[in-house]
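Participant: Each chain is listed here by its residues.
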Amino acid sequence: MTISARQAGLVGCLRCGRVHLPDVALCTRCGAALSSRDPNGLQRVWAWWLAGLLVYIPANLYPMLLTRTLTQRTESTIIGGAVELFQHGDAGIALIVFVASVVIPVGKFIAIAFLAMSLEKRHLMTEHAQHRLFAVVEFIGRWSMIDVFVVAILASLVRFDAVATINPGIAAVSFALSVAFTMQAAQSFDPRTIWDD
Amino acid sequence: MPPRAAESSFTAHAVPLAELRACPHCDALHRLPQVQPRERAVCDRCGSVLIAPRADAFTRIFALAATSLILMGAAVFMPFLDLSASGLHNRASVLDAALAFSQGAMVPLSVAVAALIVVIPALRLMLILYTLAPLVAGRPVLSRARQAFRLADRLKPWSMAEIFVIGVAVALVKVAGLAMVTPGPAFWAFCALVLVTVLQDSFMDKEQIWQAIAGAEPANDAAEGAQP
Numbered sequence: 001m002t003i004s005a006r007q008a009g010l011v012g013c014l015r016c017g018r019v020h021l022p023d024v025a026l027c028t029r030c031g032a033a034l035s036s037r038d039p040n041g042l043q044r045v046w047a048w049w050l051a052g053l054l055v056y057i058p059a060n061l062y063p064m065l066l067t068r069t070l071t072q073r074t075e076s077t078i079i080g081g082a083v084e085l086f087q088h089g090d091a092g093i094a095l096i097v098f099v100a101s102v103v104i105p106v107g108k109f110i111a112i113a114f115l116a117m118s119l120e121k122r123h124l125m126t127e128h129a130q131h132r133l134f135a136v137v138e139f140i141g142r143w144s145m146i147d148v149f150v151v152a153i154l155a156s157l158v159r160f161d162a163v164a165t166i167n168p169g170i171a172a173v174s175f176a177l178s179v180a181f182t183m184q185a186a187q188s189f190d191p192r193t194i195w196d197d
Numbered sequence: 001m002p003p004r005a006a007e008s009s010f011t012a013h014a015v016p017l018a019e020l021r022a023c024p025h026c027d028a029l030h031r032l033p034q035v036q037p038r039e040r041a042v043c044d045r046c047g048s049v050l051i052a053p054r055a056d057a058f059t060r061i062f063a064l065a066a067t068s069l070i071l072m073g074a075a076v077f078m079p080f081l082d083l084s085a086s087g088l089h090n091r092a093s094v095l096d097a098a099l100a101f102s103q104g105a106m107v108p109l110s111v112a113v114a115a116l117i118v119v120i121p122a123l124r125l126m127l128i129l130y131t132l133a134p135l136v137a138g139r140p141v142l143s144r145a146r147q148a149f150r151l152a153d154r155l156k157p158w159s160m161a162e163i164f165v166i167g168v169a170v171a172l173v174k175v176a177g178l179a180m181v182t183p184g185p186a187f188w189a190f191c192a193l194v195l196v197t198v199l200q201d202s203f204m205d206k207e208q209i210w211q212a213i214a215g216a217e218p219a220n221d222a223a224e225g226a227q228p
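Chains A and B, in that order, give the protein sequences.
Heads up, the first sequence is in our numbering, so the first residue is 1 and it goes up one at a time.
Heads up, the second sequence is in our numbering, so the first residue is 1 and it goes up one at a time.
Per the computed footprint, the stretches of chain A lying under chain B, defined by three or more beta-carbons under 8 Å from a beta-carbon of chain B, are:
1) 15 to 21
2) 151 to 161
3) 170 to 184
Honestly, the hints are just simulated from the structure, not real lab data.
Note that the structure is predicted; figures quoted are calculated from it, not measured.
Positions of the beta carbon are idealized from the N, C-alpha and C atoms, including for glycine.
Working from the sequences, and respecting the hints, build out all of it.
Facilitator: Below you can see the structure in the form of structure tokens.
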């Protein structure tokens with residue numbers, strides 16, 4: 001039968017795994033702050049989650065890219081950009097953009113909320129499934145930043161003053177913030193609590 | 001070689017604390033197993049890798065990190081992409097891409113992009129070199145090596161060079177209809193950088209490095225670390 005460091009009356013370091021007596025404040029091996037379980041961890045998760053959700057709204061309403069050519073001026077939102085790519089026949093790339101900037105962020109909001117709530121309702125999903133879900137959220141979250149980089153590259157590349165210019169829209173800022181905030185939310189979550197009884 | 005499950009059934013109090021490890025992902029308590037290079041020990045409960053040492057790991061990581069840093073230098077300052085459309089030319093470096101948001105309200109985003117694709121990856125590489133250089137030479141680690149390696153570990157999710165490379169691929173497709181794009185030397189440097197980073201991560205076993213740091217600490221640091 002596996003026991004946790006907490007059940008053995010000990011504290012494990014989250015960064016390096018070294019085990020300490022409960023009255024030790026800093027890990028003697030790597031120097032990280034030790035806590036058996038962070039009492040405010042869940043509150044921090046919800047705070048970052050909410051902040052991320054709030055800035056994700058303008059990220060979808062406002063334009064991400066402002067394209068100006070001799071004849072026209074177009075503004076495209078995140079979803080609009082993906083649809084446009086699809087219509088040009090680049091289904092694969094459109095899919096990458098759509099997954100990175102819509103599916104992953106929305107999925108992440110749901111997954112983090114679920115993990116934070118299911119600490120009380122653990123019968124909905126086995127511990128192993130929750131563990132895997134968290135691993136996926138942690139691994140995949142940063143990839144949403146793709147769209148921000150695409151805008152940065154396009155804006156720096158397409159600069160032919162009168163003929164064609166691409167400028168970043170305000171959604172680029174709010175989307176970048178949303179990705180950063182949800183990454184913080186995931187990092188504030190203490191995965192050890194999944195296994196606590 | 002199949003991963004070995006670390007031993008987890010024992011009386012915790014009969015084992016010295018230094019020989020115990022708590023899984024950082026699920027807190028399961030294990031007795032640290034003896035593991036040969038290329039073997040791995042995984043958590044009995046959640047399956048996370050606890051220890052996976054590699055032979056000559058420090059020399060290899062050091063060499064790969066130094067290579068990455070040189071590639072990073074090349075990637076930042078050389079031309080990255082060259083765009084030509086109906087007689088007009090524009091070339092952009094990675095720095096231009098990072099500074100694309102440098103007007104008005106977009107400035108913080110410019111700083112953030114520069115940090116994510118250049119500053120943080122480069123800083124991480126330097127911290128790893130700082131930690132490992134004395135270990136490669138078989139000498140005591142430099143002061144604050146623990147802080148340096150801990151910071152390198154913390155910055156890992158924020159180091160986004162590889163995501164930037166995929167972003168470039170997407171951007172190329174987006175402008176393909178509008179103009180001719182030719183990748184410059186910096187583009188290839190960035191691609192090589194990503195491959196070298198993947199290789200470097202495959203040699204990086206944190207448990208092995210923490211053990212080495214703890215075993216090679218200068219006298220006064222070790223005394224300080226021993227205090228509760």
